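Could you put together the complete structure from these sequences and hints?
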Amino acid sequence: MKSVVTAVKGIIRFYHEGFTTMSWWGKRVWIIILIKLFVIFIILKLFFFRDFLNEKYGSDEQKSEYVRDQLINSN
Amino acid sequence: MFENVDLALVNWSRAQFALTAIYHWLFVPLTLGLSFIIAMMETIYVRTGNEGWKRITKFWMTLFGINFAIGVATGIILEFEFGTNWSNYSWFVGDIFGAPLAIEGILAFFLESTFVAVMFFGWNKVSKRFHLASTWLVAVGANLSALWILVANGWMQNPTGMVFNPDTARNEMVSFWEVLFNEVAVSKFLHTISSGFLVGSMFVVGISAWYLLQKREYFLAKRSILVAGIFGLLASFLVAYTGDSSARTLAKVQPVKFAAFEALYQGKQQAGLVALGILRDSGKKIGDKEVNDFAFRIEIPGFLSVMTGGDRDTFVPGIYDLVNGNSSHGLMPVAEKMERGKKARDLLIEFKESKKNSDDQRAESIAATFRDKKFNDEYFRYFGYASLEKPEDVIPGVKVSFYSFHIMVMLGFYFILVFALALYYLYKGTLANNKWFLWVALCSILLPYVAGELGWVLAEMGRQPWIIQDLMPVNTAVSQISSGSVITTFVLFAVLFTVLLITEVSIMIRQIKMGPKH
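As given, the protein sequences belong to chains A and B, one line each in that order. Going by my numbering, the first residue of the first sequence is number 1, and it counts up by one from there. Going by my numbering, the first residue of the second sequence is number 1, and it counts up by one from there.
Where hints are given, some of them may not hold.
[Unchecked claim] Simulated restraints on C-beta separations:
1. B:Ala102 with A:His16: 42 to 52 Å
2. A:Ile42 with B:Glu378: 46 to 56 Å
3. A:Ile11 with B:Thr498: 33 to 43 Å
4. A:Thr6 with B:Thr498: 22 to 32 Å
5. B:Leu421 with A:Ala7: 30 to 40 Å
6. A:Leu34 with B:Asp293: 53 to 63 Å
To be clear, the hints were calculated from the coordinates, so they are not data collected in a lab. Note that the structure is a prediction, hence the values are computed from the model and not measured. Don't be surprised by glycine CBs; every beta carbon is placed ideally from N, CA and C.
Here it is as structure tokens:
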């Protein structure tokens, strides 16, 4: 148990030191990553990219029925 | 072509997917190639103990890090688009697409959160060998990550290892190994990663050439050109070899695409390979599709037949043969495939009626038919043809296929020449004085990107109208949403990706101008 705690502490220290001693380009790309993830997962996913079938239908049976109809009536 | 479908919606959805995929593919190949080059450089450092190699490794690692960070998660948007714009497709493919993408996601997460961190934070904190192992694992992991994406794409080009369940309206995987070792996926994976190696190599050679033009960083530039030149030359040969095997596979599983990228209308034995050509409208038509002929061409006699079947007497079918059929060569007309597809669809309609009338026995019997191999081979494999209106709908854009293929191939030969010359001048000790060649190398940085994007244009546009070869056309796959919302997100993506690209290029240029730390 003690060795696991030591290992976890070591990993945390490793990441902490890595982030705190990061070069200018490292800090800059991390800012870009965070902004990008915010735009992708919050703005785009929540407001623009709702799952079409999940929005329209509650159950898998309904989704299956809808897609089957689309396949049947596609022309 | 599909009279009940909103073509504006389909075209905007396709344009949006193309835009995101093209931008995403600007970031990925450099990661694939540069990661291996860095791993090789670090290996030399660990083996020799020469601090100069450590400096070289750290410099290219910085540029790798910038590209990796800006590109990360841009592929997620493609997955969003599947759920929103291509929901029928997403449902229809079932877990076949989900499984490889899930493996890729898990692999990427663990890779990025552990070994990439060791690569950047671990200098002087972990042992040299552990650091080196992490760098190699990032390179191998990034390329394996690409494998799963290409397995998913390979299945779309050549669906295999599944059965269709009419009850869920989904395809279900019956053989993971058939999906994984799908011949299209294997050749596509090797061709794609080797093209990434080319991108990475040309990037290193080009930037090193710039340092030589600036008369600085001689140690870094010459050694970098040595490593990237050898790797790039080998990758160029691998690209040519895998491209050839990829074309052979296409001739078998996507013969219309194959005929389109050679603009071959009349099938023949001793078919020649067009090395260089310019197309023009012939004034003839197949249905409403224009037929092209050559205003000019240079052809290698008999080579297309050799490429396809191993000898000059191999019959290579043309677009006419594939659309109208050719009984002497066992080619079924598209009209017949449409009839077979309609029979499979009629059975699906009957299944729906049986469920509605609670006739479970009949429904189960139909479900068993969909699992039957003979029915799959003779009818269900043509399921998508039921949605076509006319046989000529299977013909993709011939001009776009022809030019994207031929420009890509010409660039492939050009890369062999550039890497060979770089190594030759380096060996002769005249590289730094060869200004014209250094400029050529610098200006060539973007060309492997062009070749890679053209490869994807050929792969995806050359197989239209299919989103899943022979099973589902794009028009059936698209979600019934407003085209206005797709246009809005198209513009959003164009802005977002352009900002990301400009940011990446500007940070990289600043870092390159600064050069390695002394």
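Right, here's what the structure says about each hint:
For Ala102 of chain B and His16 of chain A, the hinted distance range of 42 to 52 Å is not satisfied, since their beta carbons lie about 31 Å from each other. A hinted range of 46 to 56 Å for the beta carbons of Ile42 of chain A and Glu378 of chain B is consistent with their spacing of about 49 Å. At roughly 37 Å, the beta carbons of Ile11 of chain A and Thr498 of chain B sit within the given window of 33 to 43 Å. Between Thr6 of chain A and Thr498 of chain B the CB atoms are about 47 Å apart, so this pair departs from the stated range of 22 to 32 Å.
Restraint check, Leu421 of chain B to Ala7 of chain A: a C-beta distance of roughly 51 Å breaks the suggested window 30 to 40 Å. A hinted range of 53 to 63 Å holds for the C-beta pair Leu34 of chain A and Asp293 of chain B, which are about 55 Å apart.
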